[in-house]
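Taken in sequence, the protein lines are chains L and P.
For the first sequence, full-length UniProt numbering gives the first residue as 1, with consecutive numbering after it.
For the second sequence, full-length UniProt numbering gives the first residue as 1, with consecutive numbering after it.
A few of these clues could be false.
Example chain P residues on the side facing chain L (calculated, C-beta under 10 Å, incomplete) [what the hints assert, rightly or not]: (1) Asn-4; (2) Gly-5; (3) Tyr-10; (4) Val-13; (5) Leu-15; (6) Gln-70; (7) Ser-105; (8) Cys-130.
Straight-line distance between alpha carbons at most 27 Å, and here's what the computed BS3-like set of lysine-lysine pairs gives [claimed, not checked]: (9) Lys-129(P) / Lys-408(L); (10) Lys-408(L) / Lys-159(L); (11) Lys-372(L) / Lys-390(L); (12) Lys-83(P) / Lys-33(P); (13) Lys-129(P) / Lys-342(L); (14) Lys-83(P) / Lys-372(L).
So the derived list for chain P, only partly shown, Cβ under 7 Å to chain L, looks like this [as the list claims (entries may be wrong)]: (15) Leu-3; (16) His-23; (17) Leu-36; (18) Gly-42; (19) Glu-64; (20) Cys-66; (21) Trp-136.
Bear in mind the hints are in silico, worked out from the structure with no lab data behind them.
On a predicted model such as this, the values are computed, not experimentally measured, just so you know.
In this text, a Cβ means the ideal position worked out from N, Cα and C, and glycines have one as well.
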Amino acid sequence: MDKQLQQIRKDFPILNQKVNDEPLVYLDNAATSQKPNQVIDEIVRYYQNDNANTRRGVHTLGERATEEFEAARQKVQQFINAKESREIIFTKGATDSLNLVASTYGEDNIEAGDEIVISVMEHHSNLIPWQQLANRKKAVLKYIGLTADGQLDMADARKQITDKTKIVSIVHASNVLGVTNDIKQLAKIAHAHNAIMVADGAQAVPHMSVDVQDLDVDFYAFSGHKMLAPMGIGVLYGKADLLKAMSPYQYGGEMIDFVEKYQSTWTDIPWKFEAGTQNVSGAVGLSKAIDYLSGIGMENVENYEKELVSYVLPKLLEIDGLTVYGPQDADHHSGVISFNLKGLHPHDVATALDMDGVAIRAGHHCAQPLMKYLDLVATARASFYIYNNKQDADELIQAICDTKEFFKV
Amino acid sequence: MSLNGLNSLYREVILDHSEHPHHKQSLSEATNKITLKNPTCGDVINLEIKLDGDKITDIGFTGEGCTISQSSASMMTDAVLNKTTTESLEMAHIFSDMIMGKKHSQSDLDKLGDAAILSSIMQFPARIKCATLCWWALRKSLGDEDDD
Ligand SMILES: Cc1ncc(COP(=O)(O)O)c(C=O)c1O
Chain L
1 MDKQLQQIRK DFPILNQKVN DEPLVYLDNA ATSQKPNQVI DEIVRYYQND
51 NANTRRGVHT LGERATEEFE AARQKVQQFI NAKESREIIF TKGATDSLNL
101 VASTYGEDNI EAGDEIVISV MEHHSNLIPW QQLANRKKAV LKYIGLTADG
151 QLDMADARKQ ITDKTKIVSI VHASNVLGVT NDIKQLAKIA HAHNAIMVAD
201 GAQAVPHMSV DVQDLDVDFY AFSGHKMLAP MGIGVLYGKA DLLKAMSPYQ
251 YGGEMIDFVE KYQSTWTDIP WKFEAGTQNV SGAVGLSKAI DYLSGIGMEN
301 VENYEKELVS YVLPKLLEID GLTVYGPQDA DHHSGVISFN LKGLHPHDVA
351 TALDMDGVAI RAGHHCAQPL MKYLDLVATA RASFYIYNNK QDADELIQAI
401 CDTKEFFKV
Chain P
1 MSLNGLNSLY REVILDHSEH PHHKQSLSEA TNKITLKNPT CGDVINLEIK
51 LDGDKITDIG FTGEGCTISQ SSASMMTDAV LNKTTTESLE MAHIFSDMIM
101 GKKHSQSDLD KLGDAAILSS IMQFPARIKC ATLCWWALRK SLGDEDDD
């Protein structure tokens with residue numbers, strides 16, 4: 001596996017550069033992943049050969065572009081094992097997908113006094129849409145808390161989800177705590193109370209095999225750019241029956257059946273939710289990214305990242321004054337590792353690491369309620385992906401030690 | 001591996017101010033108070049000022065932040081204490097210009113005291129906001145809201 005992954009690094013030309021005179025060690029993958037040549041070349045190929053607007057013209061290029069866009073939809077369908085390709089809606093990303101659900105299904109189905117249940121570890125994009133919906137409808141927004149080691153408290157989930165609950169929306173894999181939540185179990189609880197289950201898979205789909213039918217989620221959102229694809233393309237999976245009953249998200253070209261002066265009718269799913277010119281090159285790039293990941297095998301991706309975490313997490317924990325948030329054992333921790341150094345603000349840590357060529361994130365990670373819950377202002381975060389290796393992990397540890405020495409903390 | 005580049009940002013003076021910040025306390029008789037947040041990192045500054053007529057006769061800050069934001073606030077409080085609001089706002093503008101790389105005369109920079117050393121932050125664009133947060137708080141608390 002390591003050998004295959006040594007080859008992989010060559011596919012990512014961006015990794016081969018110096019930053020502040022040091023070889024780049026890119027550990028900000030939870031923010032966005034880098035793109036392999038295969039994906040970059042595919043986008044160039046699309047624009048050099050097949051570019052046209054979809055579903056409009058009768059000419060050959062228009063047909064090709066439409067075909068490639070729909071082929072990408074099928075690729076996504078197979079990748080997350082949706083029952084039908086019309087259950088795959090292309091969006092701008094996870095944020096757009098979650099807003100779509102809140103402003104269509106949510107707007108149509110939430111009434112005063114209803115409950116929406118999320119968790120304290122949500123990214124703002126799976127929090128604010130529900131918070132604002134609840135405020136608009138005078139509904140109640142409830143939060144599932146965490147256990148002492150930073151995992152979702154399933155006992156609390158059973159308490160918070162009641163017969164009044166209409167929507168449960170939970171992050172599949174956390175972008176801060178490095179935990180993966182039991183979405184399948186949560187969906188069971190939600191469904192037992194006749195609520196729908198929404199999952200934010202932005203940090204899950206890039207790193208593990210996801211089967212939406214097995215999870216039995218009603219909606220599932222993710223972004224292309226965190227899984228080797230370009231920015232600006234994302235996916236909303238929704239069960240066909242729900243999608244069919246929902247109002248459109250936006251109005252415009254290509255989402256209509258007939259438009260009269262004072263009335264219109266909507267076309268079928270998924271196109272009903274895809275108003276206007278679509279991001280075809282993004283979808284084509286996403287399709288290629290899925291090919292690339294499938295070529296490695298999602299199980300191998302998952303195992304390889306586990307191996308990296310088992311290597312780096314104990315080393316981090318050995319560093320005097322370093323706190324890791326979330327579970328402390330590698331078995332329960334993903335490649336997203338948030339930490340702080342005692343006596344030093346994470347911004348200073350990130351600037352210092354950058355001088356050593358090591359790119360990490362520092363801040364609240366778009367999870368201010370979680371920071372407050374953990375009584376933190378911010379954390380540093382190193383996040384790994386398939387092209388990272390043990391050498392990167394060693395560089396991270398070394399850079400942290402250099403930083404400690406420099407600031408005498 | 002080298003963190004040599006860091007020396008230009010984290011000068012001795014800056015580290016001193018962040019380790020032992022001046023005027024890091026809240027005031028019992030503040031006339032002007034403001035809380036400002038840096039939305040990109042969540043850092044918060046609470047700035048309190050006691051004005052006697054037009055003069056800043058006491059100043060204090062609390063809140064959490066990085067080395068740069070803490071030392072910047074510490075140096076700012078040193079610089080504006082016992083100055084008039086007009087003088088303080090002039091310093092705020094000089095500071096803001098300095099950090100954006102605009103040229104200023106040495107005598108202007110001298111007015112800033114230790115705070116002038118933060119001009120080195122120009123090389124670290126991601127950290128400029130850390131240094132300017134306290135000066136924004138000062139301007140807002142004195143009613144100067146102009147964008148520039
Ligand atoms: C858990 C989680 N959800 C949602 C998002 C939002 O994704 P995007 O910005 O691609 O819409 C992110 C991205 O940081 C994330 O980490």
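We went through each hint and held it up to the structure:
Interface hint at Asn-4(P): satisfied, since its Cβ lies 8 Å from the closest Cβ of chain L, which is below the 10 Å cut-off. Given the 10 Å rule on beta carbons, the hint for Gly-5(P) holds: about 5 Å separates it from the nearest Cβ of chain L. A distance limit of 10 Å between C-beta atoms decides the matter here; for Tyr-10(P) the minimum to chain L is near 7 Å, and the interface restraint holds. The closest approach between the C-beta of Val-13(P) and any C-beta of chain L is roughly 15 Å, which is over the 10 Å cut-off, so the hint fails.
Interface restraint check: Leu-15(P) against chain L, minimum CB-CB distance 8 Å, threshold 10 Å, status holds. For Gln-70(P), the suggested interface contact is upheld, since its CB lies about 8 Å from the closest CB of chain L, less than 10 Å. Annotation: interface hint on Ser-105(P) violated; nearest CB of chain L at approximately 30 Å, more than 10 Å. For Cys-130(P), the suggested interface contact is upheld, since its CB lies about 6 Å from the closest CB of chain L, less than 10 Å.
Using a Cα cut-off of 27 Å, the hinted pair Lys-129(P) and Lys-408(L) holds, with the two alpha carbons roughly 24 Å apart. A distance of roughly 46 Å separates the Cα atoms of Lys-408(L) and Lys-159(L); the hinted pair therefore is violated under the 27 Å criterion. For the suggested pair Lys-372(L) and Lys-390(L), the alpha carbons sit about 33 Å apart, so the restraint of at most 27 Å is broken. For the hint pairing Lys-83(P) with Lys-33(P), the CA-to-CA distance comes to about 17 Å; that is within 27 Å, so the pair holds.
Of the supplied pair hints, the one linking Lys-129(P) and Lys-342(L) holds, its CA atoms being roughly 23 Å apart against a limit of 27 Å. At roughly 37 Å between alpha-carbon atoms, Lys-83(P) and Lys-372(L) are farther apart than 27 Å, so this suggested pair is violated. Because the smallest distance between the Cβ of Leu-3(P) and any Cβ of chain L comes to about 5 Å, under 7 Å, the interface hint for this residue holds. Interface hint status for His-23(P): violated, as the beta-carbon distance to the closest one in chain L is roughly 19 Å, over 7 Å.
With 7 Å as the threshold, the beta carbon of Leu-36(P) stays out of range of chain L, its nearest partner Cβ sitting at about 14 Å, so the hint is violated. Look at Gly-42(P): its Cβ gets to within about 4 Å of chain L, closer than 7 Å, so that hint holds up. Here the hint on Glu-64(P) is kept, as its CB sits about 5 Å from the closest CB of chain L, short of 7 Å. For the restraint placing Cys-66(P) at the interface with chain L, the shortest Cβ-Cβ distance is roughly 3 Å, inside the 7 Å limit, so the hint holds.
A cut of 7 Å between beta carbons decides the hint on Trp-136(P): the least distance to chain L is about 17 Å, and the hint is violated.
In summary, the numbered hints that this structure violates are 4, 7, 10, 11, 14, 16, 17, 21.
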